[in-house]
Structures are given as C-alpha cells and as structure tokens.
Amino acid sequence: MAASAIAPAETGSHGGFADFGHALAQRERRFAAALLAPAFLALLATTTFPLIFLVWTSTYRMNLAMPFMNGFVGFENYRVLLTDERFWSSLLISLVYTGATVALQVAIGLALALLVMDMKRGQGWFRLIAILPVVLSPAVVGMIWRTFMLAPDFGIVDFLAVNAGLGSQNWLGDPTLAMVSVIAIHTWQWTPFAFMVLLASLASLPEDIYEAARLDRATAWQRFRRITLPLLRPAIVMVVIMRTMVALTAFAAIFTVTAGGPGTATEILNLYAYRKSFTELSIGYGAALAVALLIVTIIISGVLFALRRAK
Amino acid sequence: MTGRRLHTAVVLAISSVLLLAWAFPIIWSVLNSFKTDSDVLAYPPKLIFSPTLGAYRDVLFGSGSILPNLVSSMIISVGTTIVTMLMAIPAAYALARLRFHGKKFAGFYVLTTQMLPPVGIIIPYFLVLRNIGWIDTYQGIILIYLSFSLPFAIWLLVSYFEDVPFEMEEAAYLDGASRLRTLWRIIIPQVRGGIAVTIVFVFLNAWNEFLFAVVLSGNTVRPVTVAMFNFVSVEQTLWAKLAAVSVLAMLPVVVLGVVAQKQIVKGLTVGAVKGGGRR
Amino acid sequence: MTSFAPTRRTLLKTGTAAAALATFAPAVLRRARADDADLTPYKSAKVDWQQTKGETITVAVIPASYFENLISLAPQFKELTGIDVRFEKIPPAQIRQKSVIDLTSKTGTYATHAADPMYYALYAANKWVEPLDAYLNDKSLTDTAWFNFDDIIPAWRSANGINGKLYGMPYDGEVTIQVYRKDLYDAKGLKPADTLEAYVSNAAALNAPNDRIWGAALRGLAGAGQNMYIYPSIFREFGGDWMKGGKLTVNGPEAEAALAWYVDLMKKYAPTAAANWNWPDIADAFSQGTVASYIDAHSSASVINNPQKSKVIGKVAYARWPKGPSGKRTTSIWNWGFPINAALSEKKKKATWLFIQWAASAETQARTAHRFAGPTKRSGVNRTSIWKDPDYIKLMNGFGPNFVEATMDALQHDTDVDWRPRVPQWPAIGDTMATAIQSALSGQATVKAALDEAQRRIEPMMRG
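Protein chains in written order, with my numbering: chain A, 982 to 1292; chain B, 74 to 352; chain C, 897 to 1360.
Since the hints were derived computationally from the structure, they do not count as laboratory data.
Quantities reported herein were computed from a predicted structural model and do not represent experimental measurements.
By construction, the Cβ of each residue, glycine as well, lies at the ideal position given by its N, Cα and C atoms.
Heads up, none of these hints are tricks.
Computed beta-carbon distance windows for the label pairs: (1) C:1160 - B:155: 56 to 64 Å; (2) C:946 - B:134: 30 to 38 Å; (3) B:236 - C:1241: 56 to 64 Å; (4) B:206 - C:1223: 52 to 60 Å.
Stretch-level coverage of chain B by chain A, calculated; a stretch enters the list once three of its residues show a Cβ under 8 Å from a Cβ in chain A: (5) 100 to 106; (6) 181 to 191.
For the chain C half of the interface with chain A, some residues (derived, Cβ under 10 Å), not all of them: (7) 1000; (8) 1118; (9) 1170; (10) 1180; (11) 1320; (12) 1321; (13) 1324; (14) 1332; (15) 1334; (16) 1335; (17) 1336; (18) 1337; (19) 1338; (20) 1353; (21) 1356.
All chains, please: the whole structure from these sequences, using the hints.
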C-alpha cells in the first residue's frame, strides 16, 4: 500500500535536489533523521517490539492456567497447529468471510455507483447516507445488528422474514445463517466505502471515450465491459486490496455478534487466536496462531500486489 | 420515451430501497432508544409508540452513567489525534520530500507495521504497560493507539506532501529559509487539506477502537465502546438503554461524518490509490 | 420498606424492587445510607476494625444490583475501618480474564474480585490467592462468634474450597430451579415436572409455536458460564461422572444421553433463537409470555416480575429441578466469592480481609437485601439465617408460589460439589465443552461426534 506512495517520491526528489552537493546531502540526511526519529521510535516501541515478543512467545509453552509447565518448546506449537483441525477450519472461515465480503462490497458498490452516476439530484443523499456506516465503530454495529436487527423474538429482520413467508429463522444460531449474517453485516458496513471510491473513479473517467462508443452504437453492456471496467480496474484492485486487509483482521463485529458461534461456525482465525489466548489462557499457542495469521496476511497481500503490478 | 421513464422509475425504486437498507439499522436504533423496554420487546415490532426520554435520562444521569465514558472516549481520541499528527507530519514530510539512505526500507517498514494482527500483540502491550504502571491510564491507551494510527497517518500524509510542487520549496530554500522554516511556512499550508483529512480519520479510528480498549482499560479510562457492554447486564439486558448508549456512541462520529463529509470522501478516494484505514 | 403485606401488594413492591436496575435513583441511595448508617452491630464484634486505617484497596465486581447495593454501603465501611475501597465494575464476560491477567502478573491491582467458583482450582494450584482459613482463625482479625462462618450456605462454602481449604468467601449466589407458567400448566392440568421425562412431556403439551408459545427454554449460548452452566446439571442427573477412574472424561454413554436430551428438548420445544440465548434472553422471552417454562437461576425471578416489561406477573410458579434417570437432582452451585490476592502486602491483605468479613457478614447481607432502602433487594444472600428471616421470606414470596421452598430445597438437597469438573484447566475445558454443546445443538456435529471431539481436545490439556 504505502510502497506505491513512497516510490514516486524518490524519483521525484532525485531531480529536485541533484544540485545541492555532498554537504547539503549530509545535512539533509540529518534533518530527515530528526524528523523521522519520534515517529519511528514510537513505531518500534508499539509494533516491532511486540512482534518480536510475539514470535518469541510462540516458541514457548506458556499457559496461564499451568505456569509450572511453561518452558521453551521450539517449533512444537507450530507442529501442533499444523494438525489442529480447528486451525484449518478457522483459516477456511477467514478466507470465506474475506472472499465473500470483499466480492459483495465490490459488486454492490460498483452497481450502486453506476446506478447513481448520472443522477442529478439525490446523489448527495447517497453520499451522505453512505458515510454513516463507515464512520461507526464495528463494536457498535455488531451490537445493533445482534440485538435490534437479528434477535429472532423481536428483531426487525425476523419480522420481515416471517411476513415475506420465509418463516422465523435462527439468524445467529444456525451455522450457515450465522455465517451469512456476519458476512451481511460486514458488507452492510463497508460497501459504502467501495461505493464512494468507485463513484469518484467513475466521475474522473474521460467523457469523450463514451461519446465515441455511443457513436459506434455500442450497447450499454458493451460500453461497460469494454470501456468502464478496464478503466476502473486499478481502482477496483485497490479497493480489493484494502478491503481484504481489513476483512482479514476484522474482529470487533464478529466478536460482538456471534463470538465465533454457533459452535465454531463463524470462528475466524483472529477469533480463534483470541479465544486460545484469553479464554483458554494458552498464550504460547495463541501467539503461534497470531503468527500464522500474520503469515497468511503477508502471503495474500503479496499475491494481491503482484496482481496489481501485472497490469 | 416510456422506456426512458421506466428506466428512471426503476433506478429511483432500487436506489430508495438501498438507501433505506443502509439507513435503517441506524434509524431503528434511534427509534428504540426512545422506547420503553416493553416497547422494544414488543412483537410485532412497533413503529408507532409514545416516545420517552427515560432511557437517555438513565444512561446520562443514572447511577451507571455513560457520561464519564463519553469523556474518556473524547480524551483518548483527541489525545491520540494530537500525538499522532505531531509525529506523523514530520515523518511523512521526510519520507515524501527528503533524500536519505534507507528511505525505501523506511517506507516499507511503515507499510508492514499495519499488517500486525492486533490480537497477537495485545499480550506484550499489557505486560509492558503494567510494568510501567500505565494500565488504565490515558497515556497508556494513547501510546498503544499509535501502533495503528501512526502508520496510517504517515502514509496518508505522504501522498499529500508529494503533491506539493518542488519549485515552491526550492525557492524558499534558496531564499535562505531554514529547512524547518520552509516546512512550517511553505509546505504545511499547502497540505492543510490533507492534514484535515488525516485528523478526521485518526479521530474516527481512535473513537471506534475496541479490542485494545477491552484489555487495557479500567475504571478510570473506559471508552464508550467498551462501557456499552455493561448494559447487557448480568441480570437482564437493558434494551432501551442499550439503544440509547449505542446512539450516544454513534453521535459524535456521525456528526463528524456529516460535517467532514468532503474530507472523508477525499480521504477514502485518495486512500484508494494509496491505501486505507484499518478497523 | 419494613412492613410487607404478603399479598398482591408485596408482589407489586417486589416487582418494583426487581425493576431496580432500570431506575437506580441516587437520591434513594443517599437516604439508605442515612437511615442505616448505625455502626453498632459491627462494633459489637471483638475486632479492631481500624487496624489498617488509611489503606486503599481496589475491588473488581460485576455491574449487578447485588454489588451495586454493596457499593452504596461503602461509606459505612470507610467510617468503620478507615479503609478506602475503590470499586471497579467489569462486565462478567471480561472479569475472569482481567483478574487472571492481574493474578498471573502478580501486580496486585485487584485486592479481591468477584470470583467464579470454578477458578479456585486454578488460583490455588498457582498459589495466586491466599487460603482464607488462617484469616478466619486469627483472633486479631476475626470475631468467630460474631462472623459465624457456619451460617454461610454450606454448598457455596464447599464450592469455594479446594482440598478442604477455603479460597473465596461467598458473597452472593444462586441455584437453578424450574420456573413455569402456572396459568398454562393449570389450564392443561399439568404439574411441574418431577422427572426430566415429565419435563419434556410438559413442554410438548404446551408447545404451540403458531400461537408464539414454546414449551421450554434452556441456555443455548456457548460459554463456560452459559450452556456449560446448564448442561453439567443434566450430565450429572444422567449419572455422568467427570472424573471417571481419575481421568477427566466428557464423552461416553451418560454424556451422550444427557446431551441428546438437551438437544432434543431445545430443538423440539424451545424457540429456535434459544440456541443463542443466555439467561437474560430466556427471562425476557418468558416475561413476554412466549415460553411456558425454563430451568435457570432463581434470581431470574426478579426479571420476570419486573412490572416495567413483564406480562406474566402473577402467573409464575417455581419447582426444583426434575429428577434425572439416575434419580438425582443437580442444581448449579454458583456464587460470587471474594478471594485475597496473594501478591498484596501483608497490611493490604489484612485490609482486604476486613472488607471481606464486612461484606459477607450477616449484618451487611441484610442491609443489602431486605433491609436495603433502594428499590432492588438481593435474592442471593449467603446466610442460612437470613433465608429463615420472616421479613426476607415475605419479600421473596412476592416472586410467586413456592419460590422460597424450591430455592431452599435446591440449596439444601440438590447441590453437588462435583457439578462441574473442578480442575485448574477449567477455563480451557469449559470453553471446549461449550463449543461442543453448541455444535451438537446447531447440527454442526452429531452428539457423539461433538463429545468425542471435545474429549480429544481436552486430553492434551490434562496432560499438562
């Protein structure tokens, strides 16, 4: 993400400061160091140190329930992890959750952006309402959905479902429906993000290409497939990357809505690591799970960035 | 022609349904917050009821008042924003404009710090803060919030700093202005807009944080996202109050969202080229 | 609030009392302090209450009315002892985690906390908390005759002890009982169930989902304190034994029969939503008239008698747990107790003990229960003598017929110290079992598969 932000700056500064000479360059380095120091010290302290600690912890047996058994175990936690069915199922759930929410956000967001693109009046309303879910705390969102929306005895969704002839459903108690529900909630909260980004990208597309296409008597669908989509591709890929990162580390909303239940039906990897560490007090193994999550995140972002470069 | 009118009608219908779908959960919570518990529990759900301010009175002025928690959230968010900006602006400037060894690595480092799973690093946080006696203190929480607000702010700002034309800086520099002075006088005014956008996002992310706050907060410092759970009590769920607290927790960010609508859209779309927030 | 007419009026008053949480008026509390601030009953104890004057201790509790009442009396404690108590309210879902982290880090942040009885095995194994016997027997710290430890409900005392040593002083507790709609039962000529079989047939007889009435509900939400709170009773009633041959066993024929009974009841006769219900949700549904019966904590009676939201006031009655196939009735033996953090200085430990002695004393128990001036009276007092106090009984009878009898019978005859496996690994085991139970209930796994999987996960935990 930031890599792209940094690279152009560098090439830019080459030209700009090439004439200043060696002494100036040295002063510049010192100045840069002074400017960077506070932020980087803070980052070292709040991110790098905990990461080292995390990796170190993951090589220990560290169980708060039985401190007398604690000790260095090398890769033992990772060996156990590879044969832990619950790890694999939570990883799968994480991937399904991420894939489904990201796909839905992009699809709905794009459709909506196309829908309101030409709207003269009313677009302002869309923008305004679209802001609302995005600024809310996922914990509050989870709470609202779990109670006032999805509670089967008095929640509004169930009432609507019953009236639509679907019958009273156990939205959070049935393994499949619970998964659908948490995906729907995440999609509800974050689709406006995709919508706003894609709407802005659409607005910046050159109008004359469309004119040319219209003269060529291309249908609306053809115009979309051949012109809009390719032009939007960079924006879509970026939305996918950003939303994927967020979905992979999502926590608060699922935590408040289902806490991973029923059973382990919505237990994403993040949540499994949390439960292992804080409910079962197995800190060492929980750390190994967190490291696994980090590795998965790095691999997926690597793949996505590679995709982005392959234009 | 009728096809065109039909088209408009369909667009209008679909868009109204979608608008409603987005606004509804929020509207519904607001409605519930003006109900009594028995009206909240009513089946079929009541759209028409005699509104009461009872829930708000209780959560604001009752024994388990949420006011201190709103204040806590505010102090944490404002504090995080100030500290983050003070560190992020110079760092972003350096990354965007200065030439030095290891710059690429520094930029990459900022990027990678964002990938850390919060769940995994909360234990070390806890242990360290405990050792320095910073559990349940503002400085403790604000320090920890830097872990996600700082990288985000830095690379949002970097993109704004990059857009400032180099000529301006060079001119000032050749006039004999010191680097710091140039930064303060020439560059920062140019990125005012970007700074505003960043402030909005840092504030929002700090206000909405949940996981760190659960583990690291206590009686003195407990933001509203955590305190909210006290209304799903041991003895009974206080539905109307829960709704009222949710609305109060949403209020500041919704107001900010509406007021700073332009900044948010800008931040998101700039972010779409450079990256985005972390929740 | 001293004269109670044992009729409809009491009922209404108790109802108001139950509404406590909803209308907790500080003004009433201030009055409570003024009226009842007489310290003579405490000063009659032969203890130097002022011996740790000037200390400050932090006590973690949950946001529940029975602790709110205690908090409102804290100024009296301060006046009596010169000790400042800082209360920290933490939701029940987080208090265990927070206290364990505090104990394991040995910082002594919480001098004492509202402790889950299932955690004492863990606390004791790590020597994180002090055995309380030394404090009880220390003449300079405790007036044995005044404190009268034996008056505290025996089941809760044994639940808070490990190998004969007491680690937490019971403050407030509960038992699980049958709660049913007398009007519906009477209309069909049904009696409260005496056996689990009869409980199912009662539920079947009253189940009418089309009229929005379901036969029964039990806790379905996954959690060591939720479904793993109700299931252990069933497991024991089916003759299950957690420590079969000295080895922790959660599967096998008894477990399968017990879990199958639970799943069957919940699937056929409970609202589908109950799979995610904790007890406030059950009580809410019952108070809206949609559930004919449930088995849960006796303290839930206050919610279903809350005039602000209940539609079933006056239609509720109570009974003990139905007997299981083994002939046993097994209630929960839940109580919130106060341990002493071993990481404290000697002086702070003494101050903490004085606090515990004060909070668990008959006088404070009465002052936070029937003699409390605020609207909520406690229903979980720790003293046998108070459960025999006519004023208290009158108040409790307001909840409906047979409430006191069912609760007392359960407390005296139906408790079982091995209700849940008391081992240090409980946090992990409780969570694993909770997940297994819900997997079976939601159909994610069969009963047998869920239990066998739980057993497979639990075995390495027990190996250490």
